[in-house]
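Engineer: Each chain, written out:
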Amino acid sequence: MTGTHVGGATLWSLLANNAAQRTGEQALLLKRRGIWRSWDWKGWHDEASAIAAAMTARGLSAGTHVAFLGENKPRLFTAIAATHCIGGVAVPLYPDASAAELGEQLRQVEASMVFAENQEQVDKVLEVLPDCPSVKTVVFDDERGMRHYQQSDLASYDTLLEQGRNNASGAAPIGGDAPAFVFYTSRTGEVAKAAVYSHAAVIAQTQRAATAQGLGPSDRTLAYLPPGWSCQMMMSYAQAIGSGLSIWCPESSDTLLEDMREAAPTTLLVTPRVLDAIMSQVTTRMEESGGIGLSLFRRLRSEAEREGAAAKASSGPGMMTEMMLNRPLRDTLGMSQLRMAFCAGDMLDPAMLLSFRKLGINLKQLYGTTETGYLLAMQADGEVQPDTVGRAVAGIELKVTDSGELAARADGFMEGYLGDEAATAAARDADGWLLTGDVGEIGSDGSVRLIDRTDSIGRLSDGTLFAPRGVESRITTSPYVREAVTFGDGQDGVCALIDIDTLSVGRWADSQEIAYSGHADLASQNAVYGLIAEWVAEVNKNLAADPTHSNLQVRRFVLLPQELSVEDGMLSRLGKLRRAAIAEHYAPVVRALFNGAPDVALERAIDESGLHTHDDAHPARLQIKNAAVVGDIKNRSAA
Amino acid sequence: MDLYEVLFFLEVLVGGLLAGVMYSLVALGFVLIYKASSVFNFAQGAMVFFAVLSFVGFMELGLNFWVALPVTVALMILVGMATERFVLRPLVNQSDDTLLMATIGLAFVLEGLAQMAWGVEVRRLDLGIPDVPLTWLADLTGIFVSALDITAGVVAGVLVVGLAILFSKTKAGLGLRAVADSHAAAQSIGIPLKHIWMMVWATAGIVALVAGMLWGARSGVQFALIGIALKALPVMIIGGFTSVPGVIVAGLIVGASEKLAEVYIGPYFGGGIEGWAPYMLAVVFLMFRPEGLFGERHIRRV
Amino acid sequence: MNVISETHFSERAFPIAGPVLELENISLRFGGVHALTDISFNVLEHEVRAIIGPNGAGKSSMLNVIGGLYTPQEGRIRFDSELLSGMTPGRAAKLGIGRTFQNIALFKRMTVLENIMAGRKLFNHATFLEVALQLPRARREEIEDREKAEEIIETLEIQHIRKTQVSRLPYGLQKRVELGRALAAEPKILLLDEPMAGMNVEEKQDMCRFIIDVNDHYGTTIVLIEHDMGVVMDISDRVVVLDYGKKIGDGTPDDVRSNQNVIDAYLGVAH
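Protein chains in written order, with the working numbering: chain A, 24 to 662; chain B, 96 to 397; chain C, 197 to 467.
Bear in mind the hints are in silico, worked out from the structure with no lab data behind them. Predicted model only: the values in this text are computed from it and were never measured. Each hint should be verified, as a subset may be incorrect.
Simulated DEER-style distance windows between Cβ atoms [as the list claims (entries may be wrong)]: (1) A:Arg167 - C:Gln298: 22 to 32 Å; (2) B:Leu195 - A:Glu561: 28 to 38 Å; (3) B:Glu386 - C:Thr360: 46 to 56 Å; (4) A:Ser276 - B:Ala259: 54 to 64 Å; (5) B:Glu386 - A:Gln174: 30 to 40 Å.
Simulated pairs of lysine-lysine, DSSO-like, Cα-Cα distance not exceeding 27 Å [unchecked claim]: (6) B:Lys130 - C:Lys290; (7) C:Lys344 - B:Lys264; (8) C:Lys442 - B:Lys289; (9) C:Lys442 - B:Lys264; (10) A:Lys159 - A:Lys96; (11) A:Lys422 - A:Lys599; (12) B:Lys130 - C:Lys384; (13) C:Lys384 - B:Lys266; (14) B:Lys130 - C:Lys442; (15) C:Lys359 - A:Lys54; (16) B:Lys130 - C:Lys359; (17) C:Lys304 - B:Lys266; (18) B:Lys264 - C:Lys290; (19) A:Lys159 - A:Lys216; (20) C:Lys290 - A:Lys96; (21) C:Lys359 - C:Lys344; (22) A:Lys54 - C:Lys344; (23) B:Lys266 - C:Lys442; (24) A:Lys648 - A:Lys564; (25) C:Lys304 - B:Lys264; (26) C:Lys384 - B:Lys289; (27) B:Lys266 - C:Lys290; (28) C:Lys344 - C:Lys290.
For each residue, glycine too, the CB sits at the ideal point set by N, CA and C.
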């Protein structure tokens, strides 16, 4: 859509245009019961009109908020379109939100209606319903297990559809400046904030993305990340309506890889975690199959490792690698048709980025925030500098403020935070620059290098700038490491909590004939400590190669007996570390890391809250290991 | 290599492949039964002998070809049913070894019955298909292949395609695969064990008849036919004990390789290599690919 | 578990009806061993009926009598008020009695989907020729089977393994697949032989949920045996307790729990 009247266009008017013009083209697809079912633009539009009519009949009108709780499904997108049809504001939430969080958010946006995908979500809504008087109706999609629910404020999607089909009504007369979405931030520290976006802003973003990414109606994308994440919603619903691409919805999260193979998307949103998961699966599979593929794969990985460390990409893969490794691998991964994959949500380790690029997958790092939209900067075709997030895309102005923070200016940013004028005002300066909360640098060629969040950057006691993310991303490159958390602000050096990858370390232990009974047991084994220590030494060697980083070598580390998880509040929704929470939870361990103790008693709280085994096999004390460091750096704490 | 040598090579190859078709046919009978009851049917050779001897016997009694054929087919179905009733059913839930011993017994019974009924002398079987090279084919391509070999190839092909459809698509075929995997599970979904066994043994009997007729037409109907069953062993090892396509391919490999070996390597060993070359090949497979070409790898969960 | 059972009993789409299976004075002997002695009980349509008892109490024998694997020396079985004699597994399957086994009986060399499809083949009528030529009836049956199988796959949440060979699956999933195969035949009664044996707590809870779902969604009458009283008591409408081949209790889970004979049997009081 090159939209001549964007000023007045809404997402709904664009959808209606598509329905009129793109007859027969697929818009939404869903794998269900083994078959891909599809809706064309007209089907989508008509179903949404019917739902909209039913919403109107239930008293919803322009400006009301409707919350969405579920996975990416055509019906979710249809209900969002219906909300936009009546001029309402869609509030996509994270499907894994806790009941408490959900209640808070429903109250904040004063939602009149909640779409809940299934019984599990409905149960959560019903739990908080007494405290959310604004919610008049809860609509559920999947009827399974719902027969016993007698509540009068519950209605099925099918019921709405039926009601709406019988008394159609027109679209609400709203303009492009009307609010379309409220997106919650997935902040790693504080409470999530609600960013309000207008139709015009969302449309401006889709146009920017279409130009920068070359998207069009023939593109297919797979929607599988939480719909509550603005980035996913923008790259599925909004971009589909804006550029006419089709959205493919997987059958379930377990069938993702198979569904991806069948959908063969041309454009895809990924996160560092997703890529880590894919890479460790690929690695395992290659190790198991062996042969020439494995040696090519190993060579590719070590090249990526080397070039990642040097932050310099070399030429593409040779014929041999392309034929023997890349092509078959891309086919298995469902990435054979992929023109571009975009990594958002967090900084991707350069070696990981290069590994995928060497496999012939055009993976690019994106940079954006919930407040500014997901696409501020993007690595350009053919000139991917792995340690940057590329240059600002056309239409975006980027600068570094005096305090080192990145700030952006353009159309299509959020209107403000819902019901928080103070925060809204604080986010923008007088010239209209929106602060991103990220510390970064802009190189002479305009490419942006992110350092860390403003609130997690610190300094070692000798004044060395310490951005934890930088060290951690190097440690997590190993397939044996799932997460790493480094500490060092105000200290002499850097120490790390390391969370091992149970699966790959377990496989390694099997190959070494080491018996173990679960994650905690595995993480306490000396052999595993040895394995990780070797890796940390490797990381240190790379850090030492750069004099400005030499001081950041990891001196001591500990293997966590328990995985850092979203459920325990140690990770954010998108899998980012919640540093404050981790530091608090593991306070005694962190103290011991810096005071030189050889081990530390496991707190009972840690001990009981979720170890996978309840036997007495694991020691009640957590050992701390010194890492080999390079060069003559002060090493008092480890002495 | 000049043209003559190429033609000669092709001729040996084609001859070998067509002979291989016959090995495949015999092995097919083994595979059917192995799939259904996980037992190596020692009686398969005897069934070949029994079937074709009966066929010749019926013809000697004055029946013409088109009468004798269905009568023998009916007889083989009866043998299949009797085997299920008197051998397999009493042995339900017994170990595979017991079943194996039972097939050895069955072999003796069939051999004995056949010779009791039809005598021991060697018969000639004339199918009306000459075992001489086709002249038009020779003129056209310069390769000498007999009409009987071609017929054998076509018959085997039809049989294999029919069996493939039967076993992959139909209820009976599913029943067969189900029974092969788990008797209890098959029964629980209403698959009648005895019908499946009956069907399999009858089918194996009919396959034996076809194989016997083709072999008999070439080398005469005689007790030595039982020996060709031995050739089926390397075929099954190479192809995999449970794979119909596997034994077809393996039969072709064995046929082609033994003829080529005989012609090209044989002279260095003073000939006679044809007899043992297939077994050498089988040994190689046992060492490097014990599950055979298409057989199932044994997946063990630890 | 409580949440499940509360909602489970509140409103049933298929209310419990009259007896669908009646066992009268069943006695079963193997040589001189009395496996079952004079046992009578019934199973009501749409209920979840548990048979429990310590190891060796005769539970499996009881299930095998119903399933047609064993023929009792004495006693009568009525199914749908029809007197049954000379029951065989094949007959049981045709009558609508589906079952699973304690030691998982699956077609290990087939995929999950093939296993479930296999459970329906009994209902197919297309002949060899129709299948070979892909005539309309054969195609229609194939499509119907696939749809039903996919419905079951969705119900049991095993989409991600539908094309996986069964032998590659872990134990808990194999149990689920076996349940799926039994369901594919759309049985009136489903006999589950220790469906939760060898599972961890989480798998047990999943299995309970699936059993309830099946009962709730399809109205399938369920007879299940278990040796530990735990979870079974939460999902059963009525429970029969066997000990040494004799019936020592019969009633609702609460009745059974407070029955002194049952308590004694489980605590191992000498007879």
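Engineer: Please go over all the hints and tell whether each is borne out by the structure.
Structural biologist: We went through each hint and held it up to the structure:
no.: 1; hint: A:Arg167 - C:Gln298: 22 to 32 Å; in the structure: holds, 29 Å
no.: 2; hint: B:Leu195 - A:Glu561: 28 to 38 Å; in the structure: violated, 58 Å
no.: 3; hint: B:Glu386 - C:Thr360: 46 to 56 Å; in the structure: violated, 19 Å
no.: 4; hint: A:Ser276 - B:Ala259: 54 to 64 Å; in the structure: violated, 38 Å
no.: 5; hint: B:Glu386 - A:Gln174: 30 to 40 Å; in the structure: violated, 58 Å
no.: 6; hint: B:Lys130 - C:Lys290; in the structure: holds, 25 Å
no.: 7; hint: C:Lys344 - B:Lys264; in the structure: holds, 18 Å
no.: 8; hint: C:Lys442 - B:Lys289; in the structure: violated, 34 Å
no.: 9; hint: C:Lys442 - B:Lys264; in the structure: violated, 47 Å
no.: 10; hint: A:Lys159 - A:Lys96; in the structure: holds, 23 Å
no.: 11; hint: A:Lys422 - A:Lys599; in the structure: holds, 25 Å
no.: 12; hint: B:Lys130 - C:Lys384; in the structure: violated, 32 Å
no.: 13; hint: C:Lys384 - B:Lys266; in the structure: holds, 22 Å
no.: 14; hint: B:Lys130 - C:Lys442; in the structure: violated, 42 Å
no.: 15; hint: C:Lys359 - A:Lys54; in the structure: holds, 15 Å
no.: 16; hint: B:Lys130 - C:Lys359; in the structure: holds, 22 Å
no.: 17; hint: C:Lys304 - B:Lys266; in the structure: holds, 18 Å
no.: 18; hint: B:Lys264 - C:Lys290; in the structure: holds, 21 Å
no.: 19; hint: A:Lys159 - A:Lys216; in the structure: holds, 24 Å
no.: 20; hint: C:Lys290 - A:Lys96; in the structure: violated, 40 Å
no.: 21; hint: C:Lys359 - C:Lys344; in the structure: holds, 16 Å
no.: 22; hint: A:Lys54 - C:Lys344; in the structure: holds, 16 Å
no.: 23; hint: B:Lys266 - C:Lys442; in the structure: violated, 41 Å
no.: 24; hint: A:Lys648 - A:Lys564; in the structure: holds, 17 Å
no.: 25; hint: C:Lys304 - B:Lys264; in the structure: holds, 18 Å
no.: 26; hint: C:Lys384 - B:Lys289; in the structure: holds, 25 Å
no.: 27; hint: B:Lys266 - C:Lys290; in the structure: holds, 15 Å
no.: 28; hint: C:Lys344 - C:Lys290; in the structure: holds, 18 Å
Of the numbered hints listed earlier, those contradicted by the structure are 2, 3, 4, 5, 8, 9, 12, 14, 20, 23.
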